[in-house]
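In UniProt numbering, the protein residues as written are 1 to 70.
Just so you know, not all the hints are guaranteed correct.
Stated by the list, open to error - Computed beta-carbon distance windows for the label pairs:
id : residue 1 : residue 2 : range
1  : D11       : R37       : 17 to 27 angstroms
2  : D15       : A54       : 32 to 42 angstroms
3  : N8        : Q38       : 17 to 27 angstroms
If you are wondering where the hints come from, they were derived from the structure by calculation, not from laboratory data. We treat Cβ as the ideally placed atom computed from N, Cα and C, and that holds for glycine.
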Amino acid sequence: MIQHRDENPIDILPDNLTANTIINLGQTLSQRNTERRQRHAVAWNTNFAAAVDAYMEWQVPARATLNLSF
Numbered sequence: 001m002i003q004h005r006d007e008n009p010i011d012i013l014p015d016n017l018t019a020n021t022i023i024n025l026g027q028t029l030s031q032r033n034t035e036r037r038q039r040h041a042v043a044w045n046t047n048f049a050a051a052v053d054a055y056m057e058w059q060v061p062a063r064a065t066l067n068l069s070f
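Let the sequences and hints guide you as you build the complete structure.
Written out as structure tokens, the structure reads:
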């Protein structure tokens, strides 16, 4: 059975389910969840790094403007 990435494996199950089919389905869904978690972690880390960079760029001029000493 050939699957496209966007197909839901549950929608294309054969009528004669076997243990191997169920195991393969579980592995496919698990892999997709792992990929999703990895993409989320990378996106979050990228956004956090950008926020820290922006804060660090703002911090020095703000101290000078406000005459703060930290």
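How the hints compare with the structure:
1. Checked against the hint of 17 to 27 angstroms, the pair D11 and R37 passes, with Cβ atoms roughly 23 angstroms apart.
2. The given range of 32 to 42 angstroms is broken by D15 and A54, whose C-beta atoms sit roughly 55 angstroms from each other.
3. With their beta carbons about 20 angstroms apart, N8 and Q38 fall inside the hinted range of 17 to 27 angstroms.
Of the hints listed earlier, the one the structure fails to meet is number 2.
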